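A.B. asks: Using the sequences and the accompanying hints, generate a full structural model.
If you're matching positions, the sequence shown starts at 176 in the numbering used here and goes up one per residue.
Everything labelled a hint here was simulated from the structure, so no lab data went into it. Fair warning: there could be bad hints in the mix.
Simulated restraints, written as ranges between beta carbons of each label pair [as the list claims (entries may be wrong)]:
hint : residue 1 : residue 2 : range
1    : H352      : Q418      : 16 to 24 Å
2    : R217      : A483      : 40 to 48 Å
3    : M176      : K348      : 14 to 22 Å
4    : A483      : E415      : 19 to 27 Å
5    : H352      : L316      : 51 to 59 Å
No more than 35 Å apart at the CA atoms, straight line, and that leaves these computed lysine-lysine pairs for DSBU-like [as the list claims (entries may be wrong)]:
hint : residue 1 : residue 2
6    : K178      : K197
7    : K197      : K348
8    : K178      : K454
None of these values were measured; they are calculated from a predicted model. Ideal Cβ positions, reconstructed from N, Cα and C, are used throughout, including at glycine.
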Amino acid sequence: MVKLSVIVPFYNVQQYAPDTLKSLRANARDDFEFVLVDDCSRDETPDILARAERELPGAVHVRHDRNGGLATARNTGIDRARGTYLTFLDGDDWLAPGYYERLVAAMDELGCDFLRTDHVQCTGRARSVHRVPHGRRGVVLDPREAILPADRSTSVDYAYAWAGIYHRRLADKGLLHFTDGLRTAEDRPWIWKLHREADSFAVVSLLGVYYRRGVASSLTQIGDVRQLDFIRAFDQVLAETAQDREAAVLLPKAVRTYCAIISHHLGSIERFEPAVARKLKSMSAAALRRMPQDVLDEALDSMDVQRASRLRRLRRRPVAAGAAA
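C.D. replies: Next up, the structure:
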């Protein structure tokens, strides 16, 4: 019986994969498995993972014939996983020794559908602790109650899939898979779906995941067209939330978050290639027009002047044909 399946996608991370795998070894247990998904890497990552399959206890090596992106790689891992519990790690991050044993113990004790945990963000040599934006800890709660309020950061804004652990029953219900092909913001529709449709969750004060930020090869650092998948991701959040039994209550949060992300990208538009920057403006303007306009008006009225003005200007921008996400 496998207690925990750890799903780890890798793509062209030869520089970081040895540290990731070393930290997995320091978390190995007889009833843990590590599903290592190579998303068609073109560097030395496949060789590193082939060695890990032989040397890392519980390793299961899966290789994609073509690159599908993080969401698709995670889905491959979910389909191969055998554990009662599942969790995720990215191929350029690492863990504290013994972290997964403590995580599983917390899940055993609380018995909920999923747990959320804090993490350590690593930017160069700097370290900072990032907390789940939820005050009540160590108690089982209704995940729907952690979506609101609309004007503050909540658990759905802390979308990191690797910052937690998930019971297999979520996969059996169809709640754990990601939207295939999303190249960025893949965690956003996923975390919203969990909070809308799972029965129970908890937050625990447990540190052990070290998230490497600012990696040059990371998609968040590359201003190409794949970054624009955030529009497709948030369109999905809005569409699914609009079908919810409490849509009128939840949509203001979804719209406000979508607006904040659009504003964030516009505020750093210089990092995009010129053609992508133009497409970002056009697609974002179209996205604003697809939103429920009364809800959008309320969201803009609640935002600070700088962001609201930026979005109102964009809202007035003519939308070119073919700008839909």
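A.B. asks: Would you list, in rising numerical order, the hints stated earlier that this structure does not obey?
C.D. replies: Hint check: 5 and 8 fail, others pass.
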